[in-house]
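Participant: Residue numbers (my numbering), protein chains in the order written: chain D, 1 to 426; chain C, 1001 to 1431.
Worth double-checking, as some hints may not be accurate.
To be verified - Taking lysine-lysine and the PhoX-like style, the derived pairs with C-alpha atoms no more than 25 Å apart in a straight line are:
| # | chain 1 | residue 1 | chain 2 | residue 2 |
| --- | --- | --- | --- | --- |
| 1 | D | LYS77 | D | LYS143 |
| 2 | D | LYS109 | C | LYS1015 |
| 3 | D | LYS414 | C | LYS1424 |
To be verified - With the C-beta cut set under 10 Å, the calculated list includes, among others, these residues of chain C facing chain D:
| # | residue |
| --- | --- |
| 4 | SER1017 |
| 5 | PRO1080 |
| 6 | LYS1150 |
| 7 | ASN1201 |
| 8 | ASN1273 |
| 9 | ILE1417 |
To be verified - One-sided excerpt, in silico: chain D residues whose CB lies under 8 Å from chain C:
| # | residue |
| --- | --- |
| 10 | GLN198 |
| 11 | ASN200 |
| 12 | ALA293 |
| 13 | PHE295 |
| 14 | SER299 |
If you are wondering where the hints come from, they were derived from the structure by calculation, not from laboratory data.
Every residue gets a Cβ at the ideal spot worked out from N, C-alpha and C, and that includes glycine.
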Amino acid sequence: MAIFNSQPITIITNQSCMKKQFLLMGSLLLSTAMAYGAAFQLNLQGVRQLAQGGTGTAVPWDASTIFYNPGGLSALKNVNAYGSVQFLSANTRYAETPAGSYTADSKAKTYTPFNFYVGGPVRYKSKLSLGLGVYTPFGTGIKWDDNWRGRYVIQDIQLQSIFFQPTVSYRFNDVISVGAGFVIATGNVKIQKAIPLQSNGQDGMAELKGNAMGYGYNIGVHLRANDNIQFGISYRSGVKMKVKNGAATFTVPSALASNFPYTSFKSDINLPQVVSVGIGVKVTERLGLQADANFVGWSSYDSLIFDYEKNTSALLDTRSPRRYKNTVILRVGGNYAIGNKWTAMLGAAYDQSPVRDGYLSPDLPDNNHIMATGGFVFKPNKKLAIMGVLEYVFTPVREGSLDEAQFSGRYQTKIFNPGIGLNYEF
Amino acid sequence: MAFVASCKPNIEPEKPSKGDGADFSSYVAVGNSLTAGYADGSLYRSGQENSYPAILAEQFKTVGGGIFRQPLLPGEYGYPSAKLVLGMHQGLCDSAASLSPIPYTGALDTVGSSTNIFNSSGPFNNMGIPGIRCIDFVIPGYGFLNPYAKRMFVSPTGSRPVDEVMVAKPTFFTLWIGSNDVLGYATSGGEQAPATLGGTNKISDVDQFNAAYDSVLSNLRRSGAQGVLLNIPDVTSIPFSTTIPAKGLTLTKNDANLLNNAYNALGGFIRFNEGANYFIIEDSTVPTKFRHIKDGEYILLSTPQDSIKCKGWGTKKPIPGRYVLTADEVAKIKTATAAFNNIIYLMARRENLAMVDMNAYLKTLQTGIIFNGASFNASFVSGGAFSLDGVHLTQRGYALVANQIIMAINNKYKATIPMVDVNKYKGIQFP
Chain D
1 MAIFNSQPIT IITNQSCMKK QFLLMGSLLL STAMAYGAAF QLNLQGVRQL AQGGTGTAVP
61 WDASTIFYNP GGLSALKNVN AYGSVQFLSA NTRYAETPAG SYTADSKAKT YTPFNFYVGG
121 PVRYKSKLSL GLGVYTPFGT GIKWDDNWRG RYVIQDIQLQ SIFFQPTVSY RFNDVISVGA
181 GFVIATGNVK IQKAIPLQSN GQDGMAELKG NAMGYGYNIG VHLRANDNIQ FGISYRSGVK
241 MKVKNGAATF TVPSALASNF PYTSFKSDIN LPQVVSVGIG VKVTERLGLQ ADANFVGWSS
301 YDSLIFDYEK NTSALLDTRS PRRYKNTVIL RVGGNYAIGN KWTAMLGAAY DQSPVRDGYL
361 SPDLPDNNHI MATGGFVFKP NKKLAIMGVL EYVFTPVREG SLDEAQFSGR YQTKIFNPGI
421 GLNYEF
Chain C
1001 MAFVASCKPN IEPEKPSKGD GADFSSYVAV GNSLTAGYAD GSLYRSGQEN SYPAILAEQF
1061 KTVGGGIFRQ PLLPGEYGYP SAKLVLGMHQ GLCDSAASLS PIPYTGALDT VGSSTNIFNS
1121 SGPFNNMGIP GIRCIDFVIP GYGFLNPYAK RMFVSPTGSR PVDEVMVAKP TFFTLWIGSN
1181 DVLGYATSGG EQAPATLGGT NKISDVDQFN AAYDSVLSNL RRSGAQGVLL NIPDVTSIPF
1241 STTIPAKGLT LTKNDANLLN NAYNALGGFI RFNEGANYFI IEDSTVPTKF RHIKDGEYIL
1301 LSTPQDSIKC KGWGTKKPIP GRYVLTADEV AKIKTATAAF NNIIYLMARR ENLAMVDMNA
1361 YLKTLQTGII FNGASFNASF VSGGAFSLDG VHLTQRGYAL VANQIIMAIN NKYKATIPMV
1421 DVNKYKGIQF P
């Protein structure tokens, strides 16, 4: 090879492929990564409705009909003001499959979905009614131990929404009334998960936070066939919640920090449209029964996309398939008046999970819900109603996997959800 | 209180079962460096503690597994030489430091590791001996030749490894041998490999391999032990071979012209273009003794990068043959690997034992696998499965191997031994 030593060739410096070979990190953020959670529709928008299995499309009990059926608002005789709050605690356990000893329990936390409504006829016996609802129809949260087995899928997710719904309702006659509300939706999301990039045995971490906005509407028709039978039908539109300027923060080993810049992100979540039909029957002077069906258009939630403003070879935009399926919720409930001041309520519901097999994620390990509810109304006088409700949700054990993360196991969730409310009729 | 209790989920995982026919009370792992827990170019204590046999033994405890003794080193430095860690390194001709494997500079805490520890902490269940070939198992006095064997054998000066693996009286075994019967040849550049004592840089003779493998397996089976055989991976699919691309030489137009001018006198079989080029390698089988490398040939990770950057290796001078696997050498490696794996396959069938096809599994790893949200592939450093030497695995990589073995056992014996949480173990550590 001697001839080469004598050749006057300049030193070749452009060999960047060699220098960077260890830094070709690929996309380390799995698309599986971030998920807003699943069947996060809360269905807790009124105490009386919840206590009767969530029925409420046909019977306008009070101002909370602004949510359940805006058409029912003009069936109210007087202006109502309503406020309620739930104290929801959900406990989920994960158990490894097919065998072993590992279990993980979600961290105990109490969520407080709330509702305020005010509305009624613009003046006594007017056919036109106006109202405003402020309520929290969607939300979810689950926090696992930071070091649990699913930490690269999710450690903590919190999703909240508050909808504002100014509403107008018109009563054509004693039988039919209609209503419509415009929905201004606000929300916020926080997601935290570990990243499998380690320094001294410590994982990296990703945290995404953002505020969301969206718009929609809520319309309904209320029919009073006679003194004993009522019907309702309502349509709540889908709402596209847009996160326009979320903040993504990555904590990674310092040698890799330039691959994971602090960046803003965009994301959309398509909340489902819901069609509800209901019937309410007054069986006796004291006993009323209702049944509702909700058709929930969860197929709107097809995939979850995160669009990072700053992309690097290790931080690419992600698109995670969710492929929710449309679901039906069936509800029955009844109420029984005990004397003049007390009413007892009972109900039950069956709520299908929109989560398909292969998409079962620990960020909301959903399953079909079977709900049992009960409650009371105490009316110390004609104007004031004090309401209490207790919901207990059974979810059968579900075994499955989140295929894209290759994370599988068995989940069981139990939800205990008491609530109180007041309605004042002016 | 009963009501409150009913608000808490109460599911429990299924109880593990050992199934039918296997007794895990004395598990012995027979193998080489992969079994010892070797990683990052050396053997060190935390690597041993998280070797795949140690991981397996932990899972076996759920189905009646007994104590699992390993010939643990006293420290983390690496024995005999320092392990590699990731650090910022500026080569002679680099304008800036970049992330590279560099020798560990922590405390030299493995002094005295050459002392035999059989009497103080044996007999050992982890009989992984770094460097051992299949054909070495029948060599009497092998402990003389191998410092790792010397420190753990009951009789290092006289015994054969095939006898040593029986000292712990295995009721269950894993047998993963044979990689070194081709690896030494591959990692030292094939035909140009320097000669070594015992010819460890040669591909083992197939008949010798067959006889030695039979001897080891028959010994292990003599008292009825059950076990799992693992075949050997194709070493041309590991980062040691695949990290430096054959067409990894990027040139400016000016540099390409300068090189072409210098080589023109030779008749034009060397040509450079602006952009990506094939490196120049030594090849003693062609008349000119050098040529461009071709696709399907490999530049080994052991190639000194400073020599490429400063001394014109691959451009002005060919990359020496001991850092290169040519197509002929690759063919020999693949032929030998297939022959050895065929032997292992036939032995597994003869003995009616489960076999883990590690060769196929590592090919799956090349396309990428995901475990509990963490992705792994066969890329160097970023892939997460291979350690910094490009041959051996990270702790997470070894845990993936353990899961393959558990799946094979569960399948064979209708057992339900729990899978390992791979992410409990360490992956590549970044500064």
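Participant: Against this structure, judge whether each hint is valid.
Facilitator: To see whether the hints hold, each was checked on the structure:
1. With a C-alpha separation of about 45 Å, the suggested pair D:LYS77 and D:LYS143 falls outside the 25 Å cut-off, and the hint is violated.
2. Our distance criterion of 25 Å between C-alpha atoms is broken by D:LYS109 and C:LYS1015, whose separation comes to about 30 Å.
3. Note on D:LYS414 and C:LYS1424: the hinted pairing is violated, with a Cα-Cα distance of about 28 Å set against a maximum of 25 Å.
4. Satisfaction of the interface hint for C:SER1017 is found here, the shortest Cβ-Cβ separation to chain D being roughly 7 Å, below the 10 Å cut-off.
5. Taking 10 Å as the C-beta cut-off, the interface hint given for C:PRO1080 is violated, the closest approach to chain D being about 25 Å.
6. With a cut of 10 Å, the hint placing C:LYS1150 at the interface with chain D is violated, because the nearest CB-to-CB distance is about 32 Å.
7. Because the smallest distance between the Cβ of C:ASN1201 and any Cβ of chain D comes to about 23 Å, over 10 Å, the interface hint for this residue is violated.
8. Interface hint at C:ASN1273: violated, since its Cβ lies 13 Å from the closest Cβ of chain D, which is beyond the 10 Å cut-off.
9. A cut of 10 Å between beta carbons decides the hint on C:ILE1417: the least distance to chain D is about 7 Å, and the hint holds.
10. Hint status for D:GLN198: holds, given a least beta-carbon distance of 5 Å to chain C, under 8 Å.
11. Taken as an interface hint, D:ASN200 checks out: its beta carbon lies about 7 Å from the nearest beta carbon of chain C, inside 8 Å.
12. A hinted interface residue such as D:ALA293 counts as satisfied when its beta carbon comes closer than 8 Å to some beta carbon of chain C; here the least separation is about 29 Å, so the hint is violated.
13. Interface hint status for D:PHE295: violated, as the beta-carbon distance to the closest one in chain C is roughly 30 Å, over 8 Å.
14. Proximity of D:SER299 to chain C is violated relative to the hint, the smallest CB-CB distance being about 26 Å (cut-off 8 Å).
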